[in-house]
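Just so you know, the protein sequences line up as chains X and C, in that order. Note that our numbering has the first sequence beginning at 237, numbered continuously upward. Note that our numbering has the second sequence beginning at 237, numbered continuously upward.
The hints are simulated quantities; they were obtained by calculation from the structure and are not laboratory data. Heads up, none of these hints are tricks.
No distinction is drawn between identical chains; accordingly, a pair holds when it is met within one copy or between any pair of copies.
The list that follows gives simulated cross-link-like pairs (lysine-lysine, DSSO-like), each with its CA atoms no further than 30 angstroms apart:
#, residue 1, residue 2
1, K367, K346
2, K356, K284
3, K346, K360
4, K360, K284
5, K284, K367
6, K367, K348
7, K360, K348
8, K356, K346
9, K356, K367
Listed below, chain by chain, are the residues.
There are 2 protein chains.
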Amino acid sequence: MPAAVDGPIGLFDSGVGGLTVARALADRLPGERLLYFGDTAHLPYGDKSPEAIRGYSLSIAQHLVDLGAKAIVIACNSASSVAYDALVDALSVPVFNVIDPVVAEVARLKVKRVGIWGTKATIKSGVFPAKLAAQAPDAAVRAWATPLLVPVIEENILHGPILDAVIDGYARPTLAEDVTALVLACTHYPIVAAQIGQRMGANVALLSTPQIVAEHVAATLGDRGLLRTAAPKAPHEFMVSDYTPAFESIAQQFFGEAIALREDHLWG
Amino acid sequence: MPAAVDGPIGLFDSGVGGLTVARALADRLPGERLLYFGDTAHLPYGDKSPEAIRGYSLSIAQHLVDLGAKAIVIACNSASSVAYDALVDALSVPVFNVIDPVVAEVARLKVKRVGIWGTKATIKSGVFPAKLAAQAPDAAVRAWATPLLVPVIEENILHGPILDAVIDGYARPTLAEDVTALVLACTHYPIVAAQIGQRMGANVALLSTPQIVAEHVAATLGDRGLLRTAAPKAPHEFMVSDYTPAFESIAQQFFGEAIALREDHLWG
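Here chain X stands alone, though its shape is the one from the complex (with noise of 0.2 angstroms):
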């Protein structure tokens, strides 16, 4: 494999959600470089057909590849479920998407009740208890759309009235499942995973797709000899489709720290 060891991870999303997944694979591997591609001239991607979000992702990787990414995380449920045979297909480096690590979490778990909260558009999609049905086939699977979660996140309504009664509609009907793991299966959702595990309770362990990909990134890119080992470390680099100031505001929040945009960010 030719993809050189020093270069950056390069991980994109239709907006801010995947910077959970970047904030996690930081903290998993602060010897890392990242490089963010938010596609926000196309979000959100969950209204988007799969033909779009293919092409989308396509050539964003192939331009974060172009760039020097020694490795692609699709950090997006949308475009995980529709591109990721077409990036394997497509690209010399390794690439990584959002769903396969957490099923494989569920089945090593041997977790026997496991809810889905998810977008509408990932719930709809069938992808998560199809491929539980394969891997973890003694796990019985329940999923629910918790759309309103994302609109309250990107308010920066984080504790309070409002969430608290977002939270509790979405809980009643799981908990009433007796779930023994609930799978956030939205980059958004982790912003309020202490929120949602407290109203859960503690028989339910939540399954955080953020730490359970960084962890599988980092193993694998471990195992191929492709992780840094001594050169100083660059600054993680951010780029979008379409610039907001807000988008930067709402990055942080997301990220955990400012973000630094490449001086050619804009791109697409």
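Go by the hints and put chain C onto chain X.
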């Protein structure tokens, strides 16, 4: 004016929101036929550039006129802000927007302290404070973006703790300003006007866009001799630029009765 009195009244919006205006018009003018266009391929308009919204609006309005519309109602705050003048210039039929009649009503009622609730795009445009400053200069104006109401309404959450918490979160700062009237400056909000009114209390008059606009359209078309008198009424008709089954079900909720899509309903 060459418009045929028996032609329909044309309305358009980026989606279902304008159907609350269609409902009010159908109630106020039961003898009239409506021809409604939802530009669902381009929704939401709130995120688009003024140039793009103007272009969509011009071609939709022209198409409605070509289909026989005797008047055009821009049933959308975003399009009313940026496309009204262009449509007045381009079309030979009367054109109405959803802003001017509401501003005139605030002036007519001599409201002393008026609050505005709208989407981020509407509030950021500053169109209501600017027009009120010119036409109701004695009214003190305060405006709040209340963006969570749209996703909550579109999730069909029309009562209960989530809606109560969202309304309460916006009502507190509004009540703290001692407003005597509140403009619901988004075509979605009338769906929960009763719940908003209950929280605001009897001392705050709710100014609901659809009823005010319908009254103004009825008076203007009456003055111009453009209201139907005798011929039996054909059913209202509906068109969209991107069809999804969800449109028909949510449209029924907004319009208050089942809608009939035209045979050639897909256009644009």
